[in-house]
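K.L.:
The chain contents come next:
There are 2 protein chains.
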Amino acid sequence: MNTTTRLVEVRRNVMKQNDQLAQALRERFREAGVCVVSLVSSPGAGKTALLEKTLARMRTRWRVGALVGDLATENDAARLARAEVPVRQITTGTVCHLDAAMVERALVDWNLFDLDLLFIENVGNLVCPASYDLGEEMRLALLSVTEGEDKPLKYPTIFNTADVAVITKVDLAEAAEFDLSAAHDSIQRVRPGMLVVEVSAKTGAGMEGWFDLLASRLRPRSHQLAHQGD
Amino acid sequence: MNTTTRLVEVRRNVMKQNDQLAQALRERFREAGVCVVSLVSSPGAGKTALLEKTLARMRTRWRVGALVGDLATENDAARLARAEVPVRQITTGTVCHLDAAMVERALVDWNLFDLDLLFIENVGNLVCPASYDLGEEMRLALLSVTEGEDKPLKYPTIFNTADVAVITKVDLAEAAEFDLSAAHDSIQRVRPGMLVVEVSAKTGAGMEGWFDLLASRLRPRSHQLAHQGD
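Chains A and Y, in that order, give the protein sequences.
In terms of the numbering used here, the first sequence opens at residue 233 and continues consecutively.
In terms of the numbering used here, the second sequence opens at residue 233 and continues consecutively.
Since the hints were made in silico from the structure, they are not lab data.
From a predicted model like this one, the values you see are computed outputs, not experimental measurements.
A hint or two may mislead.
If several chains are the same, the list does not tell them apart, and a pair holds so long as it fits within one copy or across any two.
[Said to hold, decoys possible] In silico SDA-like links for lysine to any residue, alpha-carbon gap of 20 Å or less:
(1) Lys-285 with Phe-443
(2) Lys-248 with Arg-337
(3) Lys-285 with Glu-409
(4) Lys-285 with Val-428
(5) Lys-434 with Ser-363
Construct the entire structure; sequences and hints are all you get.
P.N.:
Here it is, written out as structure tokens:
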């Protein structure tokens, strides 16, 4: 067997193990009643900025936490911790994606029953994370207006494994000469019927709709009535 | 041996094979007197836009060609072909990077002695291409002003394997509230002394300096004097 064939075979085993572990995680999340939302995108598409605003808002009504993946720094966890919710950094070294085992390890001392909503921010990469199920309920693929309208066509797999496309930095659309209608066409050509959200974490444009969409995925729970009110 | 250990070992073999092939390519490029420049970046950082302008300009004095990697489309080759230089697309399917074997195959019927300058545009990915030597003489790592100043710290390996950092889309710096000085600091922290170029392919800012830098890498050759003049 040559090296490439062997690599393909070993990779297939890795994927299979990951899928099994992700399925077990999904079951745990379901039992605990926590909605898990992952974010994938290019580096710099605005995952952390969107999360910062989302954590700050959602925490007023829900019990929220986040895991953030990066190769080398803990900058994102530091940024997100300002929202005063539990945040844990997963530092992957040279690994280009998160996998289910990393998520499982990061959650080892968290009680999932204490959460309603858990975000998982992947490493910035529009290719490799597509292959790794993390047990999430909803995967967001972010696309910033500065990246060009044809990104979904050029990176179809990641958009195909995602549930929602989020067009970010819409405040820069004019300066970047971004054609929103062409971007929507690209997304629909790759994944017909895909739900698309347009936001600017900076100006707040579209953010209310995004918060409503998220909230619609969360089940009203008795402890909310008992313990919280705002 | 468990799956992860086996994966690490198979990967090591793949890297070794790639390094050997890249070294052979480098030798072929040197013998043919062609300067090979590769470009790596996030999706949407502006590799193709920079190349479009660079091909159009450099072709007036030099014999230029390009290979462009993408997962799924031939959009970039179509864009670059407008510069009327030889361009070939490498479509990688789901593979997240170019490797030396793909470059070798793409060049199979090209006479390298007919070129002074060959560009290789990698798949948009700030992680995986770092590990694959393509036999290039100079590797550019592009960072657009819309991606944030800390990208070199978060993706240090790719900046460490590159020779030149190119900050792109500087025309959007103000709208994106990009702190150029912080970006320079990030780059120098990751790779002290790294050469940094700032450009806007859209407005032309910084492009003359970039063309001069490229030209300084090309050897004056007799056929230029004999066959060309502008």
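K.L.:
All hints are to be evaluated individually against the structure, with a verdict given for each.
P.N.:
Verification of the hints:
Taking the shortest Cα distances, Lys-285 and Phe-443 sit within 20 Å of each other inside one copy (10 Å), while across copies they are farther apart (42 Å). Taking CA atoms no more than 20 Å apart as the test, Lys-248 paired with Arg-337 passes inside one copy only; the shortest distance there is 18 Å, against 31 Å between copies. Only between protomers do Lys-285 and Glu-409 lie at most 20 Å apart by alpha-carbon distance; the minimum there is 18 Å, versus 25 Å within a single protomer. Taking identical chains as interchangeable, the C-alpha atoms of Lys-285 and Val-428 lie at most 20 Å apart only when both belong to the same chain, with a minimum of 19 Å there against 33 Å between chains.
Within a single copy, Lys-434 and Ser-363 get their C-alpha atoms no closer than 31 Å, and across copies no closer than 35 Å, so neither meets the 20 Å cut-off.
Checked against the numbered hints given earlier, the structure breaks only hint 5 and satisfies all the rest.
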